[in-house]
Amino acid sequence: MTTGHDTRLDSFNDTGLYPPNNHRDRPEDPDMTATDQRTQEPGADSAPHDGAEPETERTVIFDVEDLNVYYGDFRAVRDASLKVHKNEITAFIGPSGCGKTTLLRCFNRMNDLIETARVTGSLRYHGVDLYHPKVDSVEVRRQIGMVFQKPNPFPKSIWANVAYGPRVAGLAKKGPAMDDIVENSLRKAALWDEVKDRLDDNALGLSGGQQQRLCIARAIATDPDVLLMDEPCSALDPIATTRIEELMQGLKDDYSIVIVTHNMQQAARVSDRTAFFSVEVNPESDTRTGILVEYDSTQKMFSNPADERTENYVTGRFG
Amino acid sequence: MVTEELRKTYHEELESVRESIVRMAGVVGETIPRGTEAFLSGDLAEAQRIIEDDDAVDAMSVELEERCYQLLALQQPMASDLRAITTALWMNAEIERSGDLMANIAQATRRVYGSSIDPRIRGLIAQMGEEAARLVRLAIDSYAEGNSGLAVALDDIDDRLDELHLDAIAAIFESNRENAFDLQVGVQLALVCRFYERIGDHAVNMGERVRYMVDGWLPEHSGALRAQARLADFGTVPDVTS
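For the record, the sequence lines run as chains A and B.
Start counting the first sequence at -15; every next residue gets the next number (the numbering used here).
Start counting the second sequence at 16; every next residue gets the next number (the numbering used here).
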């Protein structure tokens, strides 16, 4: 597999990269030879995907195996392997420079936007190789939304912020259908009651916590499958933080969430599973590489972790 | 692995709680031979001191409990720290209860005062006192050292005390048949034997908590597994409340 460049392929723009059981049709297999996927017989869709997990009680959304991320010659993440499960909140914790945000950004190919970034290993999304050259990274980002550290609404109206994604994705045009999407998204983001009477106001006039919930509304407006959250509460006060955490518990019924957080207590409070990353310093080059140390149920990670490094980190004896 | 202590004050307080638990267990542990001696010699003054000393243990226990709550509320302990604090709370309760049992024996000293006790029963009570003191000492050693192996062994070590308890009860019946003492005294003697036996049980409980602290093993797993097995067999767990 190769990466580091935009791998849009026209034949995939139509079929896209759709996870099973989504509101749309079943996904096509991008590993197949690029022909017009729509010409397939309907029954062909039910064939198992390459490497796809069977529909067990816990569906695997992301299956990461031996993933390495490089920025040029510098290896930022080494040999990470983990599975992210459907309708769960998965937290990534660890000290600065441990590669947790880098790995998160792989999940919707945000690293593509960095010229020198390169990914090796396997990252499967519903069994589909996310970094396959035929996969459309724009469609990936529609299905796998992201919320960033600092609230970053567009300098537009509240309504326009939420409507932007669905409009670009062609889900709806201006009118009642779009109004419904905007309202539903704002409701799901627990913001509707606070903004319903001022949808035309500039989003930048909202408080920090409201802006972040608006960004969540904007992310879910395109009907994604997964929400990636990169320290979504680090710029918020405790009350706004609690609101987002409560919101996440509601959202996980509809979405699978992966959150990077510096706040261990937050990971403990909100997540079902926790991955702890640490940093390895290469004594020769003095470079620091992120490694996945331990990944388990959150309860286990914070009450009785198996790895001494996890133990030291969560008890504040990090060295 | 080189680690840097980032939460020095918090971990010092955690260590201080641990030391207090050991100290309190030491006080209670010392009470056992004193209480046995007072009982067997009818030393009412010493019995009184033991009852008063138990108040001091109660005060220590309340203060320790409060410190544990403070740590939980203020420091959000995790992993081994969390297990250390929950274990300290359990240890605190088990030690405090063991102290109460020695106070009960001190009270029994008053109740049997002036009665002559069969030498065989006296011998058994002396042995039970020694065994109970040994069990408490081993339990607290396992806690202080984080010695999971010793903690697990306490259940079997306690068998000796259980046997002594059965022997003592049999001896009390025997003595009663020979009309060696009145029923009041017989009941008091049986209770005293039971108190020692219970101190042994509390030591076993402490061992279970130490095991949890060391490796995360939760006590009563075997009972819970039996309940699950019954659930699988009969579709319901028998109602034990009625």
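Read the hints as simulated data drawn from the structure, not as lab findings.
Yeah, the Cβ is synthetic: ideal placement off N, Cα and C, and Gly gets one too.
Treat the hints with caution; some may be incorrect.
Listed next, with one range per pair, are the computed distances between beta-carbon atoms [what the hints assert, rightly or not]:
| id | chain 1 | residue 1 | chain 2 | residue 2 | range |
| --- | --- | --- | --- | --- | --- |
| 1 | A | V122 | B | Q91 | 39 to 45 Å |
| 2 | B | G238 | A | Q283 | 19 to 25 Å |
| 3 | A | E49 | B | L21 | 29 to 35 Å |
| 4 | B | D248 | A | Q283 | 49 to 55 Å |
| 5 | A | D185 | B | G161 | 17 to 23 Å |
| 6 | B | A168 | A | A219 | 34 to 40 Å |
| 7 | A | D221 | B | F249 | 51 to 57 Å |
| 8 | A | V265 | B | V42 | 54 to 60 Å |
To give an idea of the interface, some chain A residues facing chain B are shown, with a C-beta separation under 7 Å as derived from the structure [what the hints assert, rightly or not]:
| id | residue |
| --- | --- |
| 9 | F286 |
| 10 | S287 |
| 11 | P289 |
| 12 | A290 |
| 13 | E295 |
| 14 | T299 |
Any hints this thing doesn't respect? Which numbers, in order? 4, 5, 6, 8 and 12
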